[in-house]
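Residue numbers (the numbering used here), protein chains in the order written: chain Z, 1 to 478; chain S, 1 to 479; chain A, 1 to 96.
Hints may contain errors.
[To be verified] Only pairs whose alpha carbons sit at most 20 Å apart, straight line, appear in this in silico PhoX-like list of lysine-lysine:
#1 A:Lys39 <-> S:Lys130
#2 Z:Lys419 <-> A:Lys39
#3 A:Lys28 <-> Z:Lys419
#4 A:Lys91 <-> S:Lys130
#5 S:Lys408 <-> S:Lys444
No wet-lab data here; the hints were simulated from the structure.
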Amino acid sequence: MDVSKITMVEAAEGLRTKAFSSVELTQAVLDAIEAKDGELNAYLSVDAAGALRQAGAADAARRSGQAGDLLGVPVAVKDLINVEGQPCTCASKMLEGYTSAYDATVSAKLRAAGAVFAGRTNMDEFAMGSSTEGSAFKVTRNPHDLTRVPGGSSGGSAAAVAGGEAIAALGTDTGGSIRQPASFCGCVGLKPSYGRVSRYGVTAYASSLDQVGPMTRTVEDAAVLLQALAGCDPRDGTTLNAPVPDYRAALRGGLKGLRIGLPKEYYIDGTDREVMACVRKAVDACAAAGAEIVEVSLPHTEYAIAVYYIVATAEASANLARFDGVRFGHRTAQPESVFALYAKSRAEGFGTEVKRRIILGTYVLSSGYYDAYYGRAQKVRTLVRRDYAEAFKQCDVMMTPVAPTPAYKIGEASDDPLKMYLGDIFTVPANLAGLCGISVPCGKTAAGLPVGLQVLGPAFGEGAILRAAYGVEQEVGA
Amino acid sequence: MTKYLITIGLETHVQLKTNTKMFCGCSLKFGAEPNTNVCPVCLGYPGALPVMNREAVKFTVMSGLMLGCAINRHSTFDRKNYFYPDMSKDYQISQNTHPLCLGGGVTVQTPQGAKRVRINHIHLEEDAAKINHYARFSGVDFNRCGTPLMEIVSEPDLSSPDEAMAYLQALKQILVYAGVSECNLEEGNMRSDVNISVRPEGQEQLGTKVEIKNMNTFKGIYAALEYEIARQIGTVMRGGVIVQETRRWDPDLGETQSMRSKENAHDYRYFPEPDLVPVALDEALVAEWRAALPELPAARRERMVAEYGIPEYDAGVLADAKENADFFEAAARACAPGLGKTVSNWFMTEIMRLLSESGKTVHACALTPAALAELVTLVDRRVINGPTAKELLPELFRDGGMPEALVKARGLGQVSDAGALVAFVDQVLAENAKSVADYQAGKKAAAGFLVGQVMKLSKGKADPQLVGKLVAEKLAALG
Amino acid sequence: MSHTIDVAYVAELARLELSAGEKATFQKQLETIVQYVEKIGELDLAGIEPTLHGQSLVNVFREDVVVPSMDRERFLANAPERNGFEFKLPKIVEDA
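I would like the entire structure built from these sequences, with the hints used as guidance.
As structure tokens, then:
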């Protein structure tokens, strides 16, 4: 059975009509992983026996009358989301050999819906990076060009979905880590509004920015998966106690009358010509379908990267302090003191990018520097939020490129961390402002590299961005 | 001889008497097996998130109200970042910029009179784990990690170890009254760090401040303060310089020692806790919690004096421990009016002795306020005599039950029938001619001896007052 | 504002043992990054409140009800070293 193109909706339909069983479907996915992952390196671990057991249980549940969009559907999980009994390496040597002691809330929700855990995907170590090259274990390749990166940090999930090794996957997004790899790999990736999906059980990178989201082949699949994940969680005090709307119903709102804002600061020189062409083509198609295009301005866009790399690294420096060799994770051999236990275990367990960000984050919080960096950054963050609040008075959604370039070559992004950070310019502001955003494929470069269109919506406006993205998908479709 | 002025400030950590930890639902039951009251949150597992215990916030606000603090309407939590094996996240969630309570104070009694010790603020945080030290390694038990900890920071208003003790005792009494903590030092419910400096009289500027940690008992704090004061004064007198540092109290050696570890220089890098949203306390909620406050000990003493007609001294002794005052009042209210002093006497003599001997609190013994009330009433109605009641009390204390049932079952009722007693009196007078003669010779005490003999004959059951009256009548009749 | 970052000191605060090479590389890279992020110093932030959380929620609590604990073996199984039912560490010299 070929699972390289099947959508979640099609899979659910096939299971419902008994065209195939979950065991058959899951086996097909496992076979695809077997065949392709030697090349793609999207997966860090697969528990085939466990997955087939779950699939069998789902088939049995279906026979006894259970139903649901996710029942028996295999979903891949980014390797920083805890699934009880499975590894959770966060692509780091620090957590090699660690076994999750509990389910993340999103994992528990998938489990309760009868989904099958297909495998754990590669990522940048501790979600810090934009290419998945930061993984301590393997380099994931872009299915459209194996010499290029899949994007990051959820590069494994994006490559698996786009590369035919997963029907759907979970990713996380702190500064663009779902949207950018979705764009690079040509799949759909949605970052929910902050507080829409529970972070309990998801290894934290930046607590005020992280979100878990779906990475899928179609916009409708993203709606289906988001529906299963969203909701208030008593274990996560930052989730909103607000009802979850029917996201699938929102899809077919159509583009007519939709007010689409184009923030002028996102349409600048320096963005790859072909990327811009694909984005403009998509925007034009929306206009032709009856959407109203409005120019808006987000004047503080140029400060967003600076704010992000202060706030995110500061929070991360504290979130990663728990990796100290005491209760779990890597411990150095024969430390002579507790200080050495910490300093050596962490030096041995963490990779370079992680160390760099921990040091930066520690620095900006250190005595004498708080006000100049963290203190100021949080105020500029307020200005960024206000920009969006103002702009969303004039439009329902915004459309922008996802990244300034398509996927670049493995190894290209260098020795120049700042250059890599600047690639996040279009995605980071949504995290700072707590907005929702989705990347939907809108074309390819001449060389065949996918280009994504980013649709941004106000907080808890997932319905609007799904509607717009669905419209784009219908009009343009990659 | 230069006189030195002492400046002391206390930071007191109080474990709150909630059912669960500050940020997770783990139980706080004392004495559990190591690492059995833990979960991903208090173990600092990847992906775990804190969620605030409402009761802990309520207890802290209540404590602030009892201590006269202003309650911060907008309160936030911060991460205090440092590495130590008893910290499961290697940061502690605490409050730095917007604590729950500000200001306030406690009045303590000193030889010079009443003194107001001001409080700087009260904040809420989480306790650390327990490290057990063995010969060649250490072990960590995370049961305690995450316990809600209320930190009360005083202003440096204390000027002697005695004042420090008085402050701590007053604090403890108020917090126990408020029901927010057991303040049981053996269980580690209440720990203090001390800041202390000395300066010669006449000098405006305070001396260099030294912090002292690791005092686990009130005695330890007192001894540590005494030692440190002597050390500092001695150093200054010799022309030495006091180093600003943290020192550790060594109870075995009886001295404070410099802590040379790297932990001394802390840059806590405080920043607002992103996982916990602010606490916004509106007037209505604070008023609701204020209404739930119990009486302060001082107010209770006054009211007990007025309501039960007991002396101030009695009220002071009874109110010293809330459970004793509660017991007394329950018993007194179950008696007829006017018996307050009697109940108080019973409590302060017999019951306090039994409590002391058994090491129990009045909650833990089997005696109930109803039983005490019944006992007092039986004596008041002269159903039994005092000595009989005194004999019954230890049994009630140990085994429970109600005295009236016991009296009936064992026929302990006082003999008040004069007819029956006259026979005993005659018999005793006849058998103790010498005492009768002594009495008639002027030794009035002999009458008491005779009364005692009648009591013995009656196996203790005679009404002693009636016996006394009959003996006096008979002796008078004999001339 | 251009200054040298004391990477050795910051690494110590963060409990990260760095090689001399790493210190030197990070020094350069971090100074470049810090110089970049200092552009936020251009803005006039008078009267602007900081954004400290992802959304504007307040008063999220849990009730003081015990949730039964999981079997401790689940956690001790991940311990790098254990002493019976405790997490084992090299001997700690001082109590902080």
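For each hint, the structure was consulted:
1. A:Lys39 <-> S:Lys130: Measuring from Cα to Cα gives roughly 45 Å; hence the hint is violated.
2. Z:Lys419 <-> A:Lys39: Cα-Cα ~16 Å, so holds.
3. A:Lys28 <-> Z:Lys419: At roughly 14 Å apart (the allowed maximum being 20 Å), Lys419 of chain Z and Lys28 of chain A satisfy the hint.
4. A:Lys91 <-> S:Lys130: With Cα atoms ~14 Å apart, Lys91 of chain A and Lys130 of chain S stay inside 20 Å; holds.
5. S:Lys408 <-> S:Lys444: 36 Å, violated
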